[in-house]
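Novice: Chain by chain, the residues run as shown.
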Amino acid sequence: MGNIKDFSAIVLKKTAFSDELFMLRVLPEERIKQPNPGQFFLLKSWEGLDPLLFRPFAPVLAHEDGSLDFLIKVVGKGTQIIRSCMEGAKVKLRGPCGNSFPDPAGQRLILIGGAVGIAPMVFSYMNYEKKLPVKLILGVPGAGWDDFCESDIFSNLDLEIFSDDGSIGRKGTPLTLFEKGEIGEGDEIWACGPIGMLKALGTAIDAVKENQIYVSLEARMACGIGGCLGCTIPTKWGPRRVCADGPVFKWAEVSWNEL
Amino acid sequence: MGNIKDFSAIVLKKTAFSDELFMLRVLPEERIKQPNPGQFFLLKSWEGLDPLLFRPFAPVLAHEDGSLDFLIKVVGKGTQIIRSCMEGAKVKLRGPCGNSFPDPAGQRLILIGGAVGIAPMVFSYMNYEKKLPVKLILGVPGAGWDDFCESDIFSNLDLEIFSDDGSIGRKGTPLTLFEKGEIGEGDEIWACGPIGMLKALGTAIDAVKENQIYVSLEARMACGIGGCLGCTIPTKWGPRRVCADGPVFKWAEVSWNEL
Amino acid sequence: MSFSDILGVSIGKLMLRSPIIIASGVWPMEPERWPSGIVDKVGAICTKGLTFSPKEGNKGIRLWETPCGLLNSIGLQNPGLESFLKNEFQMLKNCGCPLIFNLAFHREDELDLLLDKLSSSGFDGTVEINVSCPNVSGGGMAWAVDLMSLEMVLKKARAKWKGDIWVKLSPNVPDIYDSAIVAENCGADAIVVANTWLGLAIDIKKKKPVFERIFAGLSGPAILPLSLRLVWEATNVVKIPVIGCGGITDTESALGMLMAGASAIQIGTGLLRDFEVINKICGGIEGYMEENEIDSVKQLVGLAKKNHNIRG
Amino acid sequence: MSFSDILGVSIGKLMLRSPIIIASGVWPMEPERWPSGIVDKVGAICTKGLTFSPKEGNKGIRLWETPCGLLNSIGLQNPGLESFLKNEFQMLKNCGCPLIFNLAFHREDELDLLLDKLSSSGFDGTVEINVSCPNVSGGGMAWAVDLMSLEMVLKKARAKWKGDIWVKLSPNVPDIYDSAIVAENCGADAIVVANTWLGLAIDIKKKKPVFERIFAGLSGPAILPLSLRLVWEATNVVKIPVIGCGGITDTESALGMLMAGASAIQIGTGLLRDFEVINKICGGIEGYMEENEIDSVKQLVGLAKKNHNIRG
Ligand SMILES: Cc1cc2nc3c(=O)[nH]c(=O)nc-3n(C[C@H](O)[C@H](O)[C@H](O)COP(=O)(O)OP(=O)(O)OC[C@H]3O[C@@H](n4cnc5c(N)ncnc54)[C@H](O)[C@@H]3O)c2cc1C
Ligand SMILES: Cc1cc2nc3c(=O)[nH]c(=O)nc-3n(C[C@H](O)[C@H](O)[C@H](O)COP(=O)(O)OP(=O)(O)OC[C@H]3O[C@@H](n4cnc5c(N)ncnc54)[C@H](O)[C@@H]3O)c2cc1C
Ligand SMILES: Cc1cc2nc3c(=O)[nH]c(=O)nc-3n(C[C@H](O)[C@H](O)[C@H](O)COP(=O)(O)O)c2cc1C
Ligand SMILES: Cc1cc2nc3c(=O)[nH]c(=O)nc-3n(C[C@H](O)[C@H](O)[C@H](O)COP(=O)(O)O)c2cc1C
Ligand code: FES
Ligand code: FES
Numbered sequence: 001m002g003n004i005k006d007f008s009a010i011v012l013k014k015t016a017f018s019d020e021l022f023m024l025r026v027l028p029e030e031r032i033k034q035p036n037p038g039q040f041f042l043l044k045s046w047e048g049l050d051p052l053l054f055r056p057f058a059p060v061l062a063h064e065d066g067s068l069d070f071l072i073k074v075v076g077k078g079t080q081i082i083r084s085c086m087e088g089a090k091v092k093l094r095g096p097c098g099n100s101f102p103d104p105a106g107q108r109l110i111l112i113g114g115a116v117g118i119a120p121m122v123f124s125y126m127n128y129e130k131k132l133p134v135k136l137i138l139g140v141p142g143a144g145w146d147d148f149c150e151s152d153i154f155s156n157l158d159l160e161i162f163s164d165d166g167s168i169g170r171k172g173t174p175l176t177l178f179e180k181g182e183i184g185e186g187d188e189i190w191a192c193g194p195i196g197m198l199k200a201l202g203t204a205i206d207a208v209k210e211n212q213i214y215v216s217l218e219a220r221m222a223c224g225i226g227g228c229l230g231c232t233i234p235t236k237w238g239p240r241r242v243c244a245d246g247p248v249f250k251w252a253e254v255s256w257n258e259l
Numbered sequence: 001m002g003n004i005k006d007f008s009a010i011v012l013k014k015t016a017f018s019d020e021l022f023m024l025r026v027l028p029e030e031r032i033k034q035p036n037p038g039q040f041f042l043l044k045s046w047e048g049l050d051p052l053l054f055r056p057f058a059p060v061l062a063h064e065d066g067s068l069d070f071l072i073k074v075v076g077k078g079t080q081i082i083r084s085c086m087e088g089a090k091v092k093l094r095g096p097c098g099n100s101f102p103d104p105a106g107q108r109l110i111l112i113g114g115a116v117g118i119a120p121m122v123f124s125y126m127n128y129e130k131k132l133p134v135k136l137i138l139g140v141p142g143a144g145w146d147d148f149c150e151s152d153i154f155s156n157l158d159l160e161i162f163s164d165d166g167s168i169g170r171k172g173t174p175l176t177l178f179e180k181g182e183i184g185e186g187d188e189i190w191a192c193g194p195i196g197m198l199k200a201l202g203t204a205i206d207a208v209k210e211n212q213i214y215v216s217l218e219a220r221m222a223c224g225i226g227g228c229l230g231c232t233i234p235t236k237w238g239p240r241r242v243c244a245d246g247p248v249f250k251w252a253e254v255s256w257n258e259l
Numbered sequence: 001m002s003f004s005d006i007l008g009v010s011i012g013k014l015m016l017r018s019p020i021i022i023a024s025g026v027w028p029m030e031p032e033r034w035p036s037g038i039v040d041k042v043g044a045i046c047t048k049g050l051t052f053s054p055k056e057g058n059k060g061i062r063l064w065e066t067p068c069g070l071l072n073s074i075g076l077q078n079p080g081l082e083s084f085l086k087n088e089f090q091m092l093k094n095c096g097c098p099l100i101f102n103l104a105f106h107r108e109d110e111l112d113l114l115l116d117k118l119s120s121s122g123f124d125g126t127v128e129i130n131v132s133c134p135n136v137s138g139g140g141m142a143w144a145v146d147l148m149s150l151e152m153v154l155k156k157a158r159a160k161w162k163g164d165i166w167v168k169l170s171p172n173v174p175d176i177y178d179s180a181i182v183a184e185n186c187g188a189d190a191i192v193v194a195n196t197w198l199g200l201a202i203d204i205k206k207k208k209p210v211f212e213r214i215f216a217g218l219s220g221p222a223i224l225p226l227s228l229r230l231v232w233e234a235t236n237v238v239k240i241p242v243i244g245c246g247g248i249t250d251t252e253s254a255l256g257m258l259m260a261g262a263s264a265i266q267i268g269t270g271l272l273r274d275f276e277v278i279n280k281i282c283g284g285i286e287g288y289m290e291e292n293e294i295d296s297v298k299q300l301v302g303l304a305k306k307n308h309n310i311r312g
Numbered sequence: 001m002s003f004s005d006i007l008g009v010s011i012g013k014l015m016l017r018s019p020i021i022i023a024s025g026v027w028p029m030e031p032e033r034w035p036s037g038i039v040d041k042v043g044a045i046c047t048k049g050l051t052f053s054p055k056e057g058n059k060g061i062r063l064w065e066t067p068c069g070l071l072n073s074i075g076l077q078n079p080g081l082e083s084f085l086k087n088e089f090q091m092l093k094n095c096g097c098p099l100i101f102n103l104a105f106h107r108e109d110e111l112d113l114l115l116d117k118l119s120s121s122g123f124d125g126t127v128e129i130n131v132s133c134p135n136v137s138g139g140g141m142a143w144a145v146d147l148m149s150l151e152m153v154l155k156k157a158r159a160k161w162k163g164d165i166w167v168k169l170s171p172n173v174p175d176i177y178d179s180a181i182v183a184e185n186c187g188a189d190a191i192v193v194a195n196t197w198l199g200l201a202i203d204i205k206k207k208k209p210v211f212e213r214i215f216a217g218l219s220g221p222a223i224l225p226l227s228l229r230l231v232w233e234a235t236n237v238v239k240i241p242v243i244g245c246g247g248i249t250d251t252e253s254a255l256g257m258l259m260a261g262a263s264a265i266q267i268g269t270g271l272l273r274d275f276e277v278i279n280k281i282c283g284g285i286e287g288y289m290e291e292n293e294i295d296s297v298k299q300l301v302g303l304a305k306k307n308h309n310i311r312g
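Chains as they are written, first to last, in our numbering: chain S, 1 to 259; chain A, 1 to 259; chain W, 1 to 312; chain B, 1 to 312.
Worth double-checking, as some hints may not be accurate.
[Unchecked claim] Calculated pairs, DSSO-like style, for lysine-lysine (alpha carbon to alpha carbon, straight line, at most 30 Å):
1. B:Lys156 x B:Lys117
2. W:Lys206 x B:Lys305
3. A:Lys236 x W:Lys13
4. A:Lys130 x A:Lys44
5. W:Lys207 x W:Lys280
6. S:Lys13 x A:Lys92
7. A:Lys77 x S:Lys5
8. W:Lys93 x A:Lys250
9. W:Lys160 x W:Lys117
Rather than coming from a laboratory, the hints here were simulated on the basis of the structure.
Given the sequences, and given the hints that come with them, work out the whole structure.
Specialist: In structure tokens, the structure reads:
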């Protein structure tokens with residue numbers, strides 16, 4: 001039997017970084033299996049039947065008291081409703097879903113997050129920082145992301161920020177780093193973020209072997225446990241489920257041109 | 001053009017009287033027309049499309065600052081969601097809807113509320129207590145209604161309570177009063193509550209002319225402004241809209257046997 | 001550019017200041033009841049379904065909510081065309097936008113009588129022939145389902161009526177192609193796709209169907225994907241304008257309906273849920289057009305069909 | 001009384017411990033992925049739609065939410081019956097409740113091949129013949145829509161298959177009466193009413209249909225009133241058990257479906273939304289029966305039909 005289940009949680013804290021970006025700390029009302037780096041949860045904050053389904057989010061942090069932090073960007077109906085939920089409110093979760101990043105084989109771990117794709121990267125950082133050198137690279141659009149980039153999530157982390165408009169950190173995207181040769185042999189790369197960025201990864205970094213690059217992908221989901229076959233992405237081995245065979249895939253096995 | 005409109009309001013206070021009964025104080029975010037006794041509002045506290053429609057409720061009190069009190073019994077999906085909404089939350093209203101009680105022609109006003117049907121009766125009481133003698137009669141099932149019956153809504157009102165199980169006030173229903181001849185000629189009666197109670201009114205009180213009895217009725221509603229013809233009740237003049245021709249009807253014009 | 005340069009559409013002889021039409025049966029026929037500001041951007045208003053003789057409508061429960069939907073069994077309650085012309089119409093005719101007469105009938109000759117009465121009142125505008133009401137027996141929807149009788153009544157109506165004819169089709173048909181083509185061939189100026197879907201609700205407390213007539217008509221956002229499909233199908237086979245109806249509640253659904261091929265849109269249940277919906281949608285469409293550098297709402301019509309084969 | 005005395009039903013030769021069946025295509029075929037405690041009260045589980053050859057399913061977006069509904073265009077992705085029998089089935093056969101083989105086919109002879117392979121594997125239980133998948137071309141739903149070919153394939157299947165045959169009908173048909181009667185006449189042991197409804201979604205950002213195949217199948221609570229109506233209609237014309245499917249998400253909808261005439265119920269989308277839904281419904285039905293002094297769930301079947309003419 002799987003470890004995944006539907007459970008309730010209480011919203012302990014909501015922190016707004018901007019109109020469109022906030023963090024939600026929720027405390028499960030029952031014991032759940034702790035997530036591994038790369039795993040995610042399905043979440044909803046509404047009663048009623050519309051929206052119909054949970055929304056997938058990867059935790060940023062798991063705290064000692066069992067609470068989980070989620071970083072959420074408002075993009076549509078579901079995330080809008082989640083934003084309006086207040087401290088003390090009840091939410092529903094399903095998880096922990098998905099595979100996870102395998103233990104790193106490289107000598108250094110480079111974690112790259114594009115926008116909210118940073119969530120599972122911070123989680124991975126916390127998990128591995130004691131075991132090997134880890135570097136966190138965050139790419140953001142710029143304006144509107146200041147408060148988030150300066151938040152205490154990142155205090156004491158080896159973090160480098162890039163922004164498209166140059167308003168925060170260095171100008172450019174995380175890929176800029178590769179062009180400059182600051183990443184190379186022996187490095188293992190995990191990344192999560194916009195498809196364009198992930199796709200470019202494999203070609204941008206000649207020095208890193210393709211099978212030392214892992215990406216965490218997104219797809220629309222219904223069940224989250226591999227049942228509905230709704231969340232597949234094309235791979236070298238045919239369609240694979242993001243929720244069950246992923247969300248973490250080797251860069252080299254994804255059929256990027258069909259995505 | 002009508003005075004009815006859709007507007008937002010903020011929940012100022014939620015008071016629970018029992019698991020199934022609570023009061024909501026909401027403050028409209030814009031100027032609205034003040035309701036008259038008997039008028040009601042449509043209310044919803046959810047985003048999303050399910051439940052689809054507003055729910056009708058009659059205000060208990062209108063305060064000086066423009067806020068309105070609603071007394072709500074949890075019966076289904078909509079009222080369940082409303083119960084879960086927290087102070088500070090935003091709700092949507094439509095109103096004020098419906099006709100209202102005409103100025104009383106009798107020498108004394110007897111206001112009878114069955115369960116949550118008490119809401120528009122308290123409202124009417126406040127409106128008329130300075131103009132003529134008013135007596136408020138509340139009938140409740142009993143257990144679970146204690147906190148409500150003892151609440152300060154009723155302080156300083158001429159109130160008599162009946163409960164089915166005798167646990168609060170006198171045992172029996174408001175109709176008991178009539179059997180005992182405590183109500184008679186010159187009295188005008190307004191009532192709101194379960195259909196059975198309202199129907200029995202006209203026959204229970206020989207001494208009161210049928211056209212001195214007014215009732216406020218309920219029906220499922222969609223528009224609240226007389227457009228959809230979904231909320232009709234049978235009357236001597238054919239189907240009439242509870243939301244526009246009512247909710248207040250003369251007892252004598254309702255076709256009780258077809259209801 | 002003015003509001004109606006951007007949002008204006010024409011359907012047959014009618015020029016509408018916006019593509020948003022209030023569907024039949026949801027809006028009061030007494031303008032004094034209209035909340036202010038709600039119909040300012042409306043392209044046209046359909047009357048409540050009108051019959052020759054007054055009708056009291058159905059008994060028992062008339063409305064029942066379903067998930068994201070509304071079942072109704074009103075049963076065409078209306079004062080009859082004659083009384084409507086004498087009373088409601090006198091106020092409605094100055095309401096600021098075209099009024100579409102939604103006509104319903106049981107027997108074939110009733111439609112004749114309705115059209116005669118309407119012409120003799122001096123009205124020569126647009127009628128919406130309702131062959132799709134599921135809530136009355138021996139008539140209503142039956143007309144759209146039987147293609148032969150549909151053809152017969154529409155031909156007769158066409159011969160008689162000089163103004164525009166819209167035909168409001170039923171979704172409860174074997175397939176929409178046939179009835180759409182019949183309507184076009186009979187000279188309809190537009191078709192409305194579609195009316196409510198036949199549904200059922202059970203009252204588990206009473207252990208019986210909610211409605212006295214058992215089945216009722218399903219409207220509202222629940223049916224949106226179904227009406228979008230019907231509009232896509234209908235616009236594949238007819239050249240006359242198709243007016244999309246069923247489940248529109250916001251800008252996104254309205255834009256989807258236009259892109260699926262609808263030349264204009266009717267809103268019923270969406271308005272019951274939110275009086276501001278028409279203003280919101282008109283504003284939303286304008287915003288979308290600006291962002292996407294589209295000058296006229298007409299360019300949105302059928303856009304998704306053109307783009308279907310483009311990758312990405 | 002034990003749980004299954006109260007909730008047990010039988011459909012053909014099958015005895016189910018509860019009337020709640022997991023519909024095809026929503027539940028993992030790897031029992032090790034099942035959250036614990038979720039299937040304990042399930043009456044039976046339908047397999048994902050199986051074809052003779054493996055299928056990769058459809059490309060592009062496969063899921064799209066609509067108001068209270070879900071459009072899917074999976075396209076019958078499956079490993080093929082042979083591989084399924086060798087792998088998934090080995091684990092599934094011990095899952096604690098009957099497994100129903102949902103079989104899909106494009107050409108007529110494929111169903112023959114499927115049934116042959118299935119018998120030769122030793123399985124002689126219940127098959128659910130899927131003549132209603134809207135998400136594949138040249139097959140699927142086409143079978144249910146054309147009554148002649150429906151009759152042909154069902155007759156052949158009946159001649160070949162010794163176990164029970166359920167036929168999963170399409171709601172996308174002129175009317176359910178005809179296909180229900182054909183299925184009964186061909187010797188089906190039960191019919192499933194119904195599968196997903198043909199719908200459309202438009203992606204207004206991309207200005208084109210969401211799905212590569214344009215149309216997709218609508219499931220979920222949005223369609224509940226429509227499937228209730230179909231079940232009511234189907235149970236008017238056939239004597240074999242009708243299994244209700246479409247939009248069940250809670251006790252109330254499940255009870256409504258039974259009272260409308262369904263002998264058992266399938267749940268798809270409702271389970272995606274809430275893993276606890278089956279436990280909740282079984283508990284809810286038990287509670288309802290106790291309150292209403294009903295001993296066996298069988299007494300609920302068709303209750304609303306019996307009560308329809310009772311006033312009040
Ligand atoms: C494994 C995984 C982890 C994720 N982690 C995060 C995270 O930590 N923080 C964050 O802000 N977002 C994350 N996302 C994306 C997030 O799930 C979507 O932004 C969200 O579902 C949008 O919901 P909506 O109702 O606001 O948008 P709508 O567009 O209204 O949603 C409509 C439907 O599409 C789905 N959908 C829309 N966008 C996406 C998307 N990008 N990925 C998957 N489904 C989508 C929704 O779930 C819903 O079913 C993650 C997605 C996946 C698959
Ligand atoms: C004019 C008027 C004034 C009212 N005032 C009050 C009040 O002050 N306090 C209070 O607690 N209740 C009042 N009611 C009843 C209240 O509207 C219903 O209890 C409520 O709508 C139930 O909603 P639900 O979603 O919880 O129930 P559900 O049964 O889930 O609702 C399903 C649908 O039926 C409708 N419905 C169900 N019961 C009723 C009913 N009794 N009357 C009208 N529609 C109903 C709902 O609005 C909804 O559309 C009033 C009703 C009317 C018509
Ligand atoms: C309460 C109600 C009454 C209706 N009355 C009529 C009518 O009289 N004539 C008609 O053609 N359609 C009638 N309809 C159907 C609507 O005009 C519209 O076609 C249908 O509701 C689908 O659109 P919607 O989902 O936007 O509501 C009615 C619908 C509702 C909800
Ligand atoms: C993701 C998904 C996949 C499905 N796959 C199949 C299938 O393979 N075979 C089949 O007969 N039905 C399939 N269906 C239809 C369901 O079994 C069910 O008939 C339909 O969804 C209506 O029921 P519901 O509203 O409870 O989901 C699928 C439905 C969904 C949502
Ligand atoms: S979400 Fe159902 S298989 Fe992935
Ligand atoms: S609720 Fe629409 S007419 Fe009363």
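Novice: Confirm or reject each hint.
Specialist: Evaluated hints:
Our distance criterion of 30 Å between C-alpha atoms is met by lysine 156 of chain B and lysine 117 of chain B, whose separation comes to about 15 Å. Among the hinted pairs, lysine 206 of chain W with lysine 305 of chain B is consistent with the structure: their alpha-carbon atoms are about 12 Å apart, no more than 30 Å. Distance hint between lysine 236 of chain A and lysine 13 of chain W is unfulfilled; the C-alpha atoms sit about 44 Å from each other, more than 30 Å. For the hint pairing lysine 130 of chain A with lysine 44 of chain A, the CA-to-CA distance comes to about 33 Å; that exceeds 30 Å, so the pair is violated.
Taken as a hint, the lysine 207 of chain W and lysine 280 of chain W pair is broken in the structure, with Cα atoms around 41 Å apart against an allowance of 30 Å. With a C-alpha separation of about 25 Å, the suggested pair lysine 13 of chain S and lysine 92 of chain A falls inside the 30 Å cut-off, and the hint holds. Under the criterion of a C-alpha separation no larger than 30 Å, the hint pairing lysine 77 of chain A with lysine 5 of chain S is consistent with the structure, at around 25 Å. A distance of roughly 33 Å separates the Cα atoms of lysine 93 of chain W and lysine 250 of chain A; the hinted pair therefore is violated under the 30 Å criterion.
Straight-line distance between C-alpha atoms of lysine 160 of chain W and lysine 117 of chain W comes to about 12 Å, which keeps the hinted pair within the 30 Å bound.
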